[in-house]
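With the sequences and hints as input, model every part of the structure.
Number of protein chains: 2
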Amino acid sequence: MSKNLNIGLFGFGTVGRGLFELLRDVPMPNVNIRRICVRDKSKDRGVDADFTDCIDEIFDDPEINFIVELIDDAEASFNIVSRAIMKKLPVVTGNKKMLAHRLPELIELQRQYGSTLLYDASACGSIPVIRNLEEYYDNDLLISVKGILNGSSNFILSKIFNDNMPHTEALELARREGFLESNPTLDLDGWDSLFKLIIIGVHAFGVYVSPDKIFTYGITHMNDNDIRFAREKDRRIKLVAHVEKLADNRLVMCVIPQLISRNKYIYSVEDEFNGVVIKGLFYDKQFMFGRGAGARPTSSAVLSDITACLYDYKYEYKKLRHSESLPEFTDDISFRIYVRYSDPVDLGLLHFEEIYESYSSKGYNYIVGRVSLKSLHASREALNSRKVFLAAYPYD
Amino acid sequence: MSKNLNIGLFGFGTVGRGLFELLRDVPMPNVNIRRICVRDKSKDRGVDADFTDCIDEIFDDPEINFIVELIDDAEASFNIVSRAIMKKLPVVTGNKKMLAHRLPELIELQRQYGSTLLYDASACGSIPVIRNLEEYYDNDLLISVKGILNGSSNFILSKIFNDNMPHTEALELARREGFLESNPTLDLDGWDSLFKLIIIGVHAFGVYVSPDKIFTYGITHMNDNDIRFAREKDRRIKLVAHVEKLADNRLVMCVIPQLISRNKYIYSVEDEFNGVVIKGLFYDKQFMFGRGAGARPTSSAVLSDITACLYDYKYEYKKLRHSESLPEFTDDISFRIYVRYSDPVDLGLLHFEEIYESYSSKGYNYIVGRVSLKSLHASREALNSRKVFLAAYPYD
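Chains U and D, in that order, give the protein sequences.
Per the numbering used here: the first sequence = residues 1 to 396.
Per the numbering used here: the second sequence = residues 1 to 396.
One or more of the hints may lead you astray.
Remember, identical chains collapse to one label, so a pair may be satisfied in a single copy or spanning two.
[To be verified] Below, simulated DSS-like cross-link-like pairs (lysine-lysine); rule was C-alpha separation at most 27 Å, straight line:
id	residue 1	residue 2
1	374	213
2	314	88
3	159	264
4	279	264
5	362	387
6	387	233
7	159	387
8	279	318
9	233	285
10	233	279
11	285	264
12	213	387
13	3	314
14	314	279
15	279	213
16	318	88
17	374	387
By construction, these hints were calculated from the structure, which means they are not laboratory data.
Here it is, written out as structure tokens:
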């Protein structure tokens with residue numbers, strides 16, 4: 001290791017501070033945070049570091065040869081990351097929302113300028129899922145990637161299912177533990193999982209699908225009846241992100257709560273952990289499991305991205321660039337779901353292809369039936385405004 | 001992908017045939033097995049391929065630009081692999097026994113000739129543990145790697161613990177399923193786990209320790225009393241390989257059956273699966289899980305090594321080359337073990353530092369006590385010839 005990295009760091013929130021503390025507690029002789037750009041440099045942060053509120057003071061410093069971008073704002077994040085790429089400064093980002101929206105542009109910019117952008121820390125906290133998809137599952141055997149990608153919502157679901165904690169109390173606890181995003185709907189409505197799924201899709205199958213095309217539905221509307229239903233079937237409700245290549249080379253992607261049976265790996269993924277099941281021909285299933293939220297796991301993932309740059313590692317986007325027949329995104333498939341509703345009129349939104357079960361009582365009604373992802377997607381906004389909760393209900 | 005790989009394959013056993021079938025069923029346009037070297041080329045193998053029994057017909061073929069070595073014989077494997085390196089032909093091997101004994105020479109040869117040798121397939125079947133240690137856990141945060149690295153012995157233990165299958169019947173079933181090595185003591189006495197552990201040690205901590213220095217003990221002597229003891233404590237016996245860097249930068253390595261409690265990840269690793277727990281500062285624990293034995297998972301791992309070479313991937317042996325203070329191997333630590341014995345005289349072999357429990361009855365006696373790894377290592381051969389079984393018995 002001959003290179004010395006002098007880092008210009010953007011952002012000093014949970015992960016930024018985590019990285020700072022990590023490098024303070026376990027110093028690396030050739031990695032050094034030179035300056036930190038924050039919105040308000042006058043704020044006392046209780047650490048001995050060189051703060052600035054001027055972006056140019058990072059980019060114009062000739063000593064800074066590395067950018068780490070850990071801010072919340074997606075638009076500002078894109079500006080910083082693209083500026084770094086164009087200046088040929090290696091850059092690490094943790095902003096999954098930005099990546100999920102702007103990845104094609106950033107891939108093109110990297111190609112044009114021959115620069116390096118890494119973001120393993122953006123998907124799944126400490127689990128190196130991007131790097132594994134890029135480097136190890138880089139052949140045509142891969143069938144699907146499925147997992148719990150959001151630690152916060154999983155923490156809440158665990159508290160409800162394991163500790164019988166009321167919904168609101170679980171939410172409050174997640175907030176106190178620092179697991180929730182500043183905007184909790186990002187976690188609870190599935191958006192955070194979606195952003196990670198989109199990044200995974202690019203590295204797993206070489207296909208970028210924009211966020212608005214993918215059906216995304218979270219756990220905000222879940223209530224005690226749904227929890228009881230799951231328990232009666234010996235299942236747990238988990239918020240699952242899923243990308244799968246079908247036999248006819250079509251690609252399905254969605255984020256939806258699922259009723260998961262006990263024999264599934266992700267049934268046992270609890271608390272703020274993430275778990276990813278990678279399925280392929282020949283090797284069957286691989287399961288990776290680790291902490292998915294919190295300052296320390298995420299900042300250690302950022303550190304792995306940084307040390308990778310010391311060795312000139314870069315994503316090759318092999319599948320995107322080299323595959324001869326990339327799979328084509330579709331939402332034209334149907335599957336079994338559970339739908340709890342209050343007003344029967346709302347069922348009209350769902351276009352059931354088949355109804356398998358229906359139950360009614362005072363205050364609790366549900367239907368188990370078959371719907372297409374396409375029809376769900378078309379009704380998503382309407383569904384979110386009604387007293388309805390839905391969850392995929394796989395046969396196994 | 002512009003390169004075309006014309007593979008010279010050595011060996012057509014379980015994994016060699018698996019690779020052949022994989023490339024037949026899921027063809028890759030630029031990967032092609034050109035010739036296969038086997039001991040007896042006249043044997044009818046029921047496949048359409050060009051067989052030879054002459055090593056030179058592989059190495060002297062100017063079309064062959066890639067070597068895959070999947071034979072059993074460690075000495076012959078070393079000769080083939082080192083010859084490939086010296087001819088600057090990229091080479092993939094699955095021979096963990098050979099690697100565990102000769103890795104330092106092969107690392108030096110690679111350096112000298114600038115060649116590529118990959119062997120992710122050798123450790124843990126389809127779990128990409130080497131690649132992850134090399135690429136992702138490449139900083140100083142790593143504390144330990146611990147896992148079930150041998151699918152066959154784990155299959156047997158699962159059958160005994162879950163299906164109440166008698167020991168001998170479980171062994172027979174494992175043989176029928178094709179999970180056992182041609183020499184089953186390699187699996188059952190822990191040698192296969194040891195070889196993998198040594199390879200992991202090199203990539204995790206940059207330290208090579210030769211096989212004779214590491215205490216290795218398997219499940220051959222386990223009997224029904226031991227199984228009952230484990231069940232009474234709500235634990236399972238698992239054959240665990242373990243490498244850990246202590247706070248004072250000493251490195252401990254061993255392979256030993258352990259009484260594993262229910263709250264541990266590896267408690268739930270069943271059948272022929274492997275499971276590896278990677279522990280570090282900040283990210284806490286990561287768990288990787290997948291099929292660890294069988295033709296298809298292992299040959300898909302070989303394919304991942306092959307496709308990595310298409311992109312000029314090579315191990316950097318970062319820690320071995322660049323660490324400033326490599327940890328030092330020691331067996332000077334002690335821990336709690338369970339020892340079942342018949343003849344009290346045999347206890348003299350064990351040099352207990354402390355005895356916590358002792359139990360005697362007609363036909364079943366055990367002691368729970370504290371011993372040093374050093375003393376166990378010194379008595380290993382003697383222990384193996386007595387009616388004694390021992391297992392680590394951690395406090396948690």
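For each hint, the structure was consulted:
1. 374 with 213: within (10 Å within a copy, 61 Å between copies)
2. 314 with 88: both (13 Å within a copy, 25 Å between copies)
3. 159 with 264: The answer is both: 19 Å in one copy and 20 Å across copies each meet 27 Å.
4. 279 with 264: So residue 279 and residue 264 pass the 27 Å test inside a copy (13 Å) and across (24 Å) alike.
5. 362 with 387: within (15 Å within a copy, 68 Å between copies)
6. 387 with 233: So residue 387 and residue 233 pass the 27 Å test inside one copy only (23 Å; across, 48 Å).
7. 159 with 387: Result: close within a single copy only, 23 Å intra versus 48 Å inter.
8. 279 with 318: Result: close within a single copy only, 19 Å intra versus 30 Å inter.
9. 233 with 285: within (25 Å within a copy, 31 Å between copies)
10. 233 with 279: within (25 Å within a copy, 35 Å between copies)
11. 285 with 264: both (11 Å within a copy, 21 Å between copies)
12. 213 with 387: within (24 Å within a copy, 66 Å between copies)
13. 3 with 314: both (16 Å within a copy, 20 Å between copies)
14. 314 with 279: Classified as both: same-chain Cα gap 24 Å, cross-chain 25 Å, threshold 27 Å.
15. 279 with 213: Within one copy, since 24 Å is at most 27 Å while 38 Å is not.
16. 318 with 88: both (21 Å within a copy, 25 Å between copies)
17. 374 with 387: Classified as within; 21 Å inside a copy, 66 Å across copies.
Going down the numbered hints, you'll see the structure goes against none, and every one checks out.
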